[in-house]
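Respectively, the protein sequence lines represent chains A, B, C and D. Position one of the first sequence corresponds to residue 1 (the UniProt record's numbering), numbered consecutively onward. Position one of the second sequence corresponds to residue 1 (the UniProt record's numbering), numbered consecutively onward. Position one of the third sequence corresponds to residue 1 (the UniProt record's numbering), numbered consecutively onward. Position one of the fourth sequence corresponds to residue 1 (the UniProt record's numbering), numbered consecutively onward.
Calculated from the structure, these hints are not laboratory results. Errors might be hidden in some of the hints.
[As the list claims (entries may be wrong)] Here are the simulated DSS-like pairs of lysine-lysine, each with C-alpha atoms no more than 27 Å apart in a straight line:
hint: 1; chain 1: D; residue 1: K134; chain 2: B; residue 2: K108
hint: 2; chain 1: A; residue 1: K218; chain 2: A; residue 2: K198
hint: 3; chain 1: A; residue 1: K159; chain 2: C; residue 2: K134
hint: 4; chain 1: C; residue 1: K258; chain 2: B; residue 2: K39
hint: 5; chain 1: A; residue 1: K251; chain 2: B; residue 2: K108
hint: 6; chain 1: D; residue 1: K273; chain 2: D; residue 2: K258
hint: 7; chain 1: A; residue 1: K108; chain 2: C; residue 2: K134
hint: 8; chain 1: C; residue 1: K36; chain 2: B; residue 2: K39
hint: 9; chain 1: D; residue 1: K134; chain 2: B; residue 2: K159
hint: 10; chain 1: D; residue 1: K297; chain 2: D; residue 2: K36
hint: 11; chain 1: A; residue 1: K39; chain 2: D; residue 2: K258
hint: 12; chain 1: B; residue 1: K180; chain 2: B; residue 2: K198
hint: 13; chain 1: A; residue 1: K39; chain 2: D; residue 2: K36
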Amino acid sequence: MREITLSQAVNEALAEEMRRDDTVFIIGEDVAEAGTPFKVLSGLVEEFGTGRVVDTPIAEPGFMGLAVGAAMTGTRPVVDLMFGDFLYLIMDQLCNQAAKTHYMSGGKMRAPLVVRTNLGATRRSAAQHSQSLHALVAHIPGLKVALPSSAYEAKGLMKTAIRDNNPVVIFEDKLMYNDKAPVPEEEFLIPFGEANIKRPGTDITLIGTSSMVQVCEKAAEILSCEGIEAEVIDPRTIVPLDEATLLASAKKTSRVIVVDEGHQSYGVTGEIASRINEKAFYHLDAPVLRMGAMDVPVPFSPALEDLTVPTPEAVAEAARRLMSGEMIHAA
Amino acid sequence: MREITLSQAVNEALAEEMRRDDTVFIIGEDVAEAGTPFKVLSGLVEEFGTGRVVDTPIAEPGFMGLAVGAAMTGTRPVVDLMFGDFLYLIMDQLCNQAAKTHYMSGGKMRAPLVVRTNLGATRRSAAQHSQSLHALVAHIPGLKVALPSSAYEAKGLMKTAIRDNNPVVIFEDKLMYNDKAPVPEEEFLIPFGEANIKRPGTDITLIGTSSMVQVCEKAAEILSCEGIEAEVIDPRTIVPLDEATLLASAKKTSRVIVVDEGHQSYGVTGEIASRINEKAFYHLDAPVLRMGAMDVPVPFSPALEDLTVPTPEAVAEAARRLMSGEMIHAA
Amino acid sequence: MAQTKTNTEDYLRMYAQMVRIRTFEDTANQLYLSAKMPGLTHMYSGEEAVAVGICEALTTTDRITSTHRGHGHCVAKGAAFKEMFCELLGKEEGYCRGKGGSMHIADQFNGNLGANAIVGGSMGIATGSAFTAKMQGRDDVTVCFFGDGATAQGLLYEVMNMAALWKLPVIYACENNGYSEYTATAEIAAGSITARAEAFGIEAHQVDGQDVLAVNTLTQDLVARARKGEGPFFLELMTYRYHGHHVGDINREYYRSKDEERDWKDNRDPIVKFRGWLVDQGVASEAEIEAMNAEIKQDAAEAVEYALNARYPAESEVDMHVYADIEHALAPHTA
Amino acid sequence: MAQTKTNTEDYLRMYAQMVRIRTFEDTANQLYLSAKMPGLTHMYSGEEAVAVGICEALTTTDRITSTHRGHGHCVAKGAAFKEMFCELLGKEEGYCRGKGGSMHIADQFNGNLGANAIVGGSMGIATGSAFTAKMQGRDDVTVCFFGDGATAQGLLYEVMNMAALWKLPVIYACENNGYSEYTATAEIAAGSITARAEAFGIEAHQVDGQDVLAVNTLTQDLVARARKGEGPFFLELMTYRYHGHHVGDINREYYRSKDEERDWKDNRDPIVKFRGWLVDQGVASEAEIEAMNAEIKQDAAEAVEYALNARYPAESEVDMHVYADIEHALAPHTA
Ligand SMILES: Cc1ncc(C[n+]2csc(CCOP(=O)(O)OP(=O)(O)O)c2C)c(N)n1
Ligand SMILES: Cc1ncc(C[n+]2csc(CCOP(=O)(O)OP(=O)(O)O)c2C)c(N)n1
Ligand SMILES: [Mg+2]
Ligand SMILES: [Mg+2]
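From just these sequences and the hints, can you work out the full model?
Structure (structure tokens):
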């Protein structure tokens, strides 16, 4: 299969959906001629024009609100939010308006829109350009949340998101834009709520999201050399969450680590770990472990930043501890 | 001891701290003559004047940002956010600015401010005036989060919050403003990170936050009649979280339910449950159960709204299930 | 009173719509005072000429966004009493199946995209609705209602900038009733409200919001121009709310005087003024007007009676409509 | 060139400060191009007269807030090269112990409340700083720097409204360099930027941002008036950035022409212009100026050398400064 970058995959997904459905448009800062600072959208304005690839002023709440109204009246906006850290600016329009429109209207109105943004640290971009804030939106009923972990998922999930009749927030890992992966030439969609077993295994389950899928895969390779066969699962969407696949694996391996790049406390790992604890408790040989980003603002200094994100070595080490039955915390 | 309402308790806390420290001021919508729609601040403007009880235009991001700058330059603002649902509007100033100022400046600047706001449904206020959004801010390093469960805590935690050198978000339960509780006449503060054992018990631990403390207490009463002695614990602050007290109780009773009025998914219950699972796993006879608000926007209709929040009966029922060993989910 | 080019039928419909709003509010107020209505509500009484003057210049395919003080806009845009009262009472037959209530009432069929409990919260939505019209080459216009207090929200300036840059068919209608909650406008709005729109290159007008014909004539003109791509526009409508900020706001003297209230009610009531004009001009007789009033009262009484007896939504609805295309959000497979 | 009342020493310091900014940026650019500097940075070159003209009208107790393009403000407000380069390289001796980097550099001691990576993010902070001054009866003034692109953020209008209502001693300084990222200002700003401030009742001025004396004279006047409670004020400073939006923005021809860039550099360079004036007026000789330039270059070279060899913060710092008064946020008792 041909290999393309995550950036190209997103670009293809958008182009295909824009060709298929002329109510789809892109709106955000420097999305047209510039094709975004990450150059993900290059070429789209040439094909679809500035009427459908719309450059905005630097007014995130404003263009998010505009997208909600546009979505409510018959279009499918894809809102380009340059950095995931700017989510804070659009929370009201996204969570008070878009997320609640369908419910508050008793099902009579809807807001089919996509917010495409990103996450991920270790790019030396400091505290306001490095956050992974997907937990915030996952907490709000009415929103769906997708976390592609490679070019393949980036394409398939984006196409599904655009066709979904609900607001969807999709977080790309900004460090992965140039990473290549096999992506079919022919059209495909990835349904929401279907986890992907990236690597089958029998001894321990590593659940990773987004950037952390690769981290888990690398950890699994390390462990495999030591005779520990880890199963690596990528939920792909955290809302909806494919509990069945996660539970089946947990019951099979009896040991689980959940790895996510958001801050650990009050974040994604707690939810996934809790569901597994609740529903597979009597199958577990050890508590579900969680590894999130450190609960600190992301520091600029390279000497500090790299300490804040889970690494394959750290995941492998945690897995070894779980396997050996030596559980530091559980007194 | 004399009894006063939660509303009076907050008012007293503010008045005392404003007398003690003339850098403390209140800023928000209709806080002065009107004393807020809930009338919590009545009388303060008469004592402290409009220079320290400052009515603002309806511009939450603006006055939150102003408060950050004021805090960074030597004052201690108490930001009055009329409804917790408006948190979405101030997230950028609160989470990108206030929360990170100390860290990003390498400890050289700080933003000692308080956001006082509220939470709680069942007031027939519909989806945009009924949310309990404390999980969102609990996820952000640099912020502290307090959840008073009675007039006593409302006073003691507010005073601590104002003296704290960090940004603190304090959520009052808007249904509790008129509820009375014993509050000492003499000055007292409640330190952050110290949970309160509201009711000692031996058979099961009920951890409740804010509005859910009373729900847990009522559930404990019901259970007590049936011979089940529940220990009810109020963490009082969720950041910092008093893990030690929660873990000690969990280890003692071996069964835990966490009850919180935020949406259940990706919220507060997941974090607390996970920490207990992680660190008291081998002491637990059953998985930690979670009961949050239903994952739906809050409906207006009274016929629906009451279904969305945990009740004493529901908590008692869950406790019975846990006690009986019959765990529906854990297959 | 300003003259307009509309005919008798239009005049009478405008009058009836104003009376319908007043009657709706009086009835709702009664429901609240007799503790039959759950929650909180904000009365539009006194401001009827604004909603009616504007909405009568619109067609059903034109859209509006509304506010927390939204009953007037809803009636003016064509909603029926029955579904409105059902909504206010949280009943299944309400416009939003009881899920929205007073602060979120919407009527998609008539182009009302909904009330909003976030002050200024619908400014983006209105602008987006105008964006859709432009993108799809349709000529419909969207009116964004909001109060003087809402002009403090930065969102307004963000979307006005975009609307001006892209010439969107949207009319920003600022209902300046002199207060935001318990605070006078002068205390919360610096400078000039119309100048703020003009600074973004948007043509702005201040108009007497108690004069339904003045409002209607101006709006007709602006709507026609907006359809031709000459938008956006900005209107500041000078008006007054008779009741408190919300139904529970009874003691108002610390922020406004009884004299002031009396003056507006006695001398500037939009219904009384328009009624006088109709009779003067021979458009309708006193008797005809009384008959209209009585009929509307009767309608309201019947609708409220119906609504009081109507069914609440079934409990199973609680997790419906969280997501489009998912019947029950909390069904086991998605929970 | 506008005349001012300051003396020789002031002129020479202004010149030196402009050269120091240019030199700092050239050095930082080299660091980046040689892959010695982590992350991303935005060059201030071309805009020196703005930061220097304004900051030279301020005292140390006056405060500023800065932007993502913040090195110029930082130098102009009095920062030292050594701590600045250490910060850009993430070293322990940096102004923020390496935790902030280019986009968050701050210098509390000299009243620089910090750069900000959120466009418009410091508008509230500046206004709050002015609020403190007023509340505490001090006469210091705060200047809020931001770009033309940032005028699209609603926050500006929210805080201008409050500053105007409360007469806060704040000066909003809009550095209009013609672009926000890769987009020309005309495409993202409708109407007039100064009129937007004026609509809130704020006195606004447009000034040539390449003329350091013009900027300084006007600012001195406004600062004096702001100290007396006549603020707030608004300045639109017409200027130009020589480099790309950020250091990696190399191919710029799709959004601006080489001719345009050349014109600004060749004909409107603020340093060249001011240097000519200094020589013309006999304030300094060419030789004296060359000596100053050389000394500054030497300073920068030494500072960067120092910074390159300086220590990174210890790993244990990673969870320090999360909370004031908590040494390590992740110590077991709080984790
Ligand atoms: C974002 C937000 N802030 C505050 C409120 C509380 N609130 C509700 S109505 C209102 C006053 C609105 O004033 P105005 O816009 O003039 O409308 P009016 O009530 O006068 O019609 C306020 C402050 C709110 N609902 N939303
Ligand atoms: C809230 C926010 N939106 C977008 C960005 C990305 N961004 C960084 S600088 C910039 C352009 C700013 O333009 P302007 O305000 O004119 O300042 P200049 O770069 O020209 O100095 C943008 C869009 C950001 N950092 N913050
Ligand atoms: Mg008003
Ligand atoms: Mg610019």
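Hints and how they fare:
1. With a C-alpha separation of about 23 Å, the suggested pairing of K134/D with K108/B holds against the 27 Å cut-off.
2. Simply put, K218/A and K198/A have alpha-carbon atoms about 11 Å apart, close enough for the 27 Å limit, and the pair holds.
3. A distance of roughly 25 Å separates the Cα atoms of K159/A and K134/C; the hinted pair therefore holds under the 27 Å criterion.
4. Pair hint K258/C plus K39/B holds up; C-alpha atoms about 22 Å apart against a cutoff of 27 Å.
5. Only pairs whose Cα atoms come within 27 Å are accepted, and K251/A paired with K108/B is rejected, the gap being roughly 50 Å.
6. Only pairs whose Cα atoms come within 27 Å are accepted, and K273/D paired with K258/D is accepted, the gap being roughly 21 Å.
7. With a C-alpha separation of about 23 Å, the suggested pairing of K108/A with K134/C holds against the 27 Å cut-off.
8. Our distance criterion of 27 Å between C-alpha atoms is met by K36/C and K39/B, whose separation comes to about 24 Å.
9. Using a Cα cut-off of 27 Å, the hinted pair K134/D and K159/B holds, with the two alpha carbons roughly 25 Å apart.
10. At most 27 Å may separate the alpha-carbon atoms for a hinted pair to count; K297/D and K36/D meet this at roughly 19 Å.
11. Of the pairs offered as hints, the one joining K39/A and K258/D holds, with about 22 Å between alpha carbons and a cut-off of 27 Å not exceeded.
12. For the hint linking K180/B to K198/B, the alpha-carbon distance of about 16 Å falls within 27 Å, and the restraint holds.
13. For the hint pairing K39/A with K36/D, the CA-to-CA distance comes to about 24 Å; that is within 27 Å, so the pair holds.
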